[in-house]
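Heads up: the sequence lines are chains V, P and A, in that order.
Each residue of the first sequence is one higher than the one before, starting from 2 at the first, in the working numbering.
Each residue of the second sequence is one higher than the one before, starting from 2 at the first, in the working numbering.
Each residue of the third sequence is one higher than the one before, starting from 2 at the first, in the working numbering.
All clues stand as given, with none of them false.
Note that identical chains are pooled: a pair holds if it fits in a single copy or bridges any two copies.
Using 30 Å as the maximum straight-line C-alpha spacing, the simulated DSS-like pairs for lysine-lysine come out as follows: (1) K99 to K399; (2) K417 to K486; (3) K143 to K399; (4) K399 to K191; (5) K368 to K191; (6) K421 to K358; (7) K399 to K474; (8) K486 to K421; (9) K143 to K358; (10) K191 to K97; (11) K358 to K399; (12) K417 to K143; (13) K275 to K50.
What the hints contain is simulated information worked out from the structure, not anything from laboratory work.
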Amino acid sequence: MKRVAFLVLGIGLFCSALPAATAELSSETEACLECHQIYTPGLVGDWEKSRHAKRSLSQALALPESQRRISIENLSDQDGDQLIGCYECHSLNPDKHKDNFDHFGYEINVVVSPEDCRSCHPVEVSQYTGSKKWHALDILTKNPLFDQMVGTITGHGGSVVHSVHPEKGVATDESCYACHGTEVTVDGLKIIDSQLGEIEVPNLQRWPNTGVGRINPDGSRGSCTSCHPRHSFSIEIARKPYTCSQCHLEPDVPAYNVWKESKHGNIVMSGFPKADYGAVPWRPGEDFTAPTCAACHNSLLVNPDGDVIAQRTHNFADRLWVRIFGLPYSHPQPDSGATFLLQNDDGQPLPVSLDGKPASQGLISQKEQSLRQELMTNVCKSCHGSTWAVSHFEKFHKINALADSAVADATAILTKAIEKGLTDPENLFDESLEILWVRHWLFYANSIRMATAMAGPDYSSFKNGWWEIQLNKRQMENELLRLGKNKEPEKKRWFQKK
Amino acid sequence: MKRVAFLVLGIGLFCSALPAATAELSSETEACLECHQIYTPGLVGDWEKSRHAKRSLSQALALPESQRRISIENLSDQDGDQLIGCYECHSLNPDKHKDNFDHFGYEINVVVSPEDCRSCHPVEVSQYTGSKKWHALDILTKNPLFDQMVGTITGHGGSVVHSVHPEKGVATDESCYACHGTEVTVDGLKIIDSQLGEIEVPNLQRWPNTGVGRINPDGSRGSCTSCHPRHSFSIEIARKPYTCSQCHLEPDVPAYNVWKESKHGNIVMSGFPKADYGAVPWRPGEDFTAPTCAACHNSLLVNPDGDVIAQRTHNFADRLWVRIFGLPYSHPQPDSGATFLLQNDDGQPLPVSLDGKPASQGLISQKEQSLRQELMTNVCKSCHGSTWAVSHFEKFHKINALADSAVADATAILTKAIEKGLTDPENLFDESLEILWVRHWLFYANSIRMATAMAGPDYSSFKNGWWEIQLNKRQMENELLRLGKNKEPEKKRWFQKK
Amino acid sequence: MKRVAFLVLGIGLFCSALPAATAELSSETEACLECHQIYTPGLVGDWEKSRHAKRSLSQALALPESQRRISIENLSDQDGDQLIGCYECHSLNPDKHKDNFDHFGYEINVVVSPEDCRSCHPVEVSQYTGSKKWHALDILTKNPLFDQMVGTITGHGGSVVHSVHPEKGVATDESCYACHGTEVTVDGLKIIDSQLGEIEVPNLQRWPNTGVGRINPDGSRGSCTSCHPRHSFSIEIARKPYTCSQCHLEPDVPAYNVWKESKHGNIVMSGFPKADYGAVPWRPGEDFTAPTCAACHNSLLVNPDGDVIAQRTHNFADRLWVRIFGLPYSHPQPDSGATFLLQNDDGQPLPVSLDGKPASQGLISQKEQSLRQELMTNVCKSCHGSTWAVSHFEKFHKINALADSAVADATAILTKAIEKGLTDPENLFDESLEILWVRHWLFYANSIRMATAMAGPDYSSFKNGWWEIQLNKRQMENELLRLGKNKEPEKKRWFQKK
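Here chain V stands alone, though its shape is the one from the complex (with noise of 0.2 Å):
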């Protein structure tokens, strides 16, 4: 293999962008930047306009506790003077990292994991942790009803493409996986080509992948960089509402869609007035007059007197207690993000019956669904009086009720199928009927209750709203009676109570 001498150039040009005095660069960080500013300038200039780049933890220590973006309370074996430069992070923890190899003498870990922001960011890593984003690949994988779901889409189950191609399992990873994360594994190591000869390098498995659970080579799940993406980690961009929008979107999760054509959205895309995306803590009508995704699922805001209106959170359940999307029926929260451990009362892995009755463990009590319904209420009367806020919920709440009776309805009309021996239960993803039943809820019944949720009533009109769910109704009808008259006939009953 061909190895390269390290090119000393526009160091110069560099540093004539660092910050002054105490902090500085580590010289491992200078050594990686030697190269990679030439090489890889896209990722270096990202950084450089980075708060890692310009501020050292002694700095960050300094500022007044609400207006930090560190969780640690004080340097524990860190070097405080330090800028956060390339190294700091993708050299922690490498007995964990099985991507951890060598690179022109340097010890480094390929992907950069929660665990290893955790050495500045121990709270939010540690609220992020057991969440359901958290666990978005084990509730795919780990919940038979889901992985067959999965399979029988993308084919790494028995699908349309099932048969044909030996990569199949590529297609999940570039569709589902995409959001729900890989598990990155690696296999040895491999030679590349790179701008300074051939290299060896982990040979990673199932990579790229910037899924909110991902699994990692130290073992850890998740992925920071799904919503501080690249090497700016900004705030900014995590409080943008095109962060959220990557996987949040129609048809199964409009929530970006449904956001953008409300009063919301409409302010917000508007510019005016303008507002400031990167104040810590964030203070409604001072810095932002109308709420991206982040002010009212998770962001520090604070009222004229820094009362704290919503402490932070990157558990994006804490300030939730209906579950509206994703499966049949709307339901209160679960417990806990490991969702794939919920059984419904007939033993399914569901959190609710399929004639739409909520499971008796796992899912949150009244009591606490009305203190987070509170905490919400609270976020809302920031630029809301209190009857607009307490209306709006009202009437969520009895959206919830109708489009609930509607996958009721639709579920009426399968089971009747089933029951005949028309439609094969033992796959619920793969017949005519099947999927329209699944379109019914995993589009329409939540594009409904979302567009309440926020007020863009589109998705609960003509935009996979009322109007595709009675076309649905009647094309599921349809397909009931065409089926009866080809008289084929399926094998089992899935949906028989046990």
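Knowing the structure of chain V, use the given hints to seat chains P and A on it.
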């Protein structure tokens, strides 16, 4: 009921943001702010950034007329030195407001209506009054055909959720009526929790709502906040396309979508050259180089000499001669916004017969059409040569005729089904073939017309355009075939001419 | 005909915006501006903000070569001190321009063509000439298969509106040809109303149009204004994604949509860190930290040393090795933009056989594919490590193969229907089963490939991805079943190998 004393907090912080000398807050508004700046800081911050918080009536009247945003000629019994604060708007016309209530010693209206805004903006409110937007709720409720459509889709009149749930009206309020407006009524008082403890407030029904045809507790119609949202009342936001996009969205009214993919949208979204969305009057070339919805449809435009290119209007029909959406066929604009009064020559509550003939009465004359086309063409000519503008509308008229003939094709299929007794015309929106027929005109023909009107071609090709219309025609033909084999009988003949 | 004298108005206002000293307007352009700044202020204002209005040819040539936006080496017979005004562009090559006309004493071309732009931008025009975009109209009209598709969908060749309306060609012009370009011809002169009264102008047919393959009245092809719109000719607009999104939109070419939901789109849309879209050359890391379409596909990129990462190109195939949209199967890029000359090994006008085998001739070699992949990978490496970039394209190739095999499945269903005489292959776009088949590859397989190409996963999952492809496959199977029962006979065998 527990009443809590005012908290006098943060007043210093707030005062620093106040405007200078002769323009000042009323003592009532100061009282509002004492609490609300702490308890609803987002709301107060929004207002603080508004012109209302910075400019008194006298200061506004001191501007040259073309630069004014108010339309009173002089002060009546108003205090010209006062800023326009909370109390100035929320205390008007208390006798008419059924939502007026005692709020810590002040008589406050919850809902500020256009009739309240009329105090300073009489011309704008008069323009709006009687327009299609002003009648937006009436158009759905007073036209039996549209009422049937709304009821069938969203459930208040017999639909997928009709028999299931007592709260079915909420589905309509949160979908169709979210844009068209609800009738907001007051059902006595109720006690709610606020940050100051329990307070007694009007028990508003079908609220919150910001639909353009809302019927307010003072009996007035409309909602200025639909387009000038929340407490900034910003002309900048109203002129940005996101405002209009809240309701004028695909699939039924893809105005925003078509504009966004047009050259106009391309340039505006790019933000180059930078535009000034707050300038009054608005100067093409100087303040902006590509139009948003407002530029073409309602803003006051002047040329570099200050000559008026187009007068400001809040009746959006003023520059429109053809009506291209919401109905099967294109047709001349109606005389009045009260379109529920229209009847086609077959006595149906439509502006056009089902075979495409415009109603003999109630539509604007050819002469009026020409005048309005000239008005709009002048707006085009601000940026385009005369040949361009003239040729553009020649194509537009041809496309309307083509889209209309595609609708006639689909209507012929439906008519055949009705004549054979295979479809029941009693309700035109609840059977599969009918739903396909509605989709033909409400989504696809509309899209095709709009795509040419604003030169955003994808909505006339693969996205809800000719592609979908030819597929839908085949689906209607297949459905007719299926119905014929099933020999499902139907009862009445809605289409038959009398 | 009434002719009105020039109005010499507002010239002072205008002059104040002019650039300094040596760069000046021609007297002809000054004459244009006398009227047009009053009568088309939006157009003039747009130009005034452009580089054309601020920089003479000599000033442009004085810049270092890498910073130039013109590509002439030196002045030929041009006046180097003149700014580039109306007359400089609209008077070129009058002998070739059938749209040249006498306009108040000046010989003016209505349409400025790439051959006119060539005067100062010869390299860019040469790059564009012969590309797929340059041939965009030919590709639709000279390939009998695509011509049939266009005709069937939009009506010029026998479709839903075919028998009904004489103006059917307009539907094609305003849909497919709006992006691909029309052939703009001149049918003598006509008299139109202008703000100066009646004037005589060329009677242009199939105009306005800004399609990329437009055939111009001077016989040239292309339209620079497609991407450098109106009179700002802005590189900033061309580099923003909205430009490309006008045509590269879901469902058929969801490039913009996929990018928008990718990390690239997320960061760019967020506007953090702030990017400079006007810098030439363009420096990753310095000028931008996440790419728009232009960054990866055609802009001149340099590293901090000024070394070229990728040369500027106006042939968008230069950095592409696989062609992933517009056709059933992915395949190597064609040798030439004249794709209508391609034939698959069965003699059909396609680059790939219907069973997926690439044509033996007319596609680039494996070596050329590797070279182009390396070119693009170098762009990726501006911001990504080598492992990331290499692994990304490994996945991309696997997904292309998977999507191709899904298309083969659908094609097998259609072939079976044709072989049984249930579908008539004479026209492959006009029967239900055929339309479902087209949707399979034109929408869904394309989306899946693009979703991986740019890492925007929703378009390979629920939004036009694997979800839709497996539903569509079942719909095709059901349609085949239905056709078999109906025993509808068909005539010919288009698919049969010769």
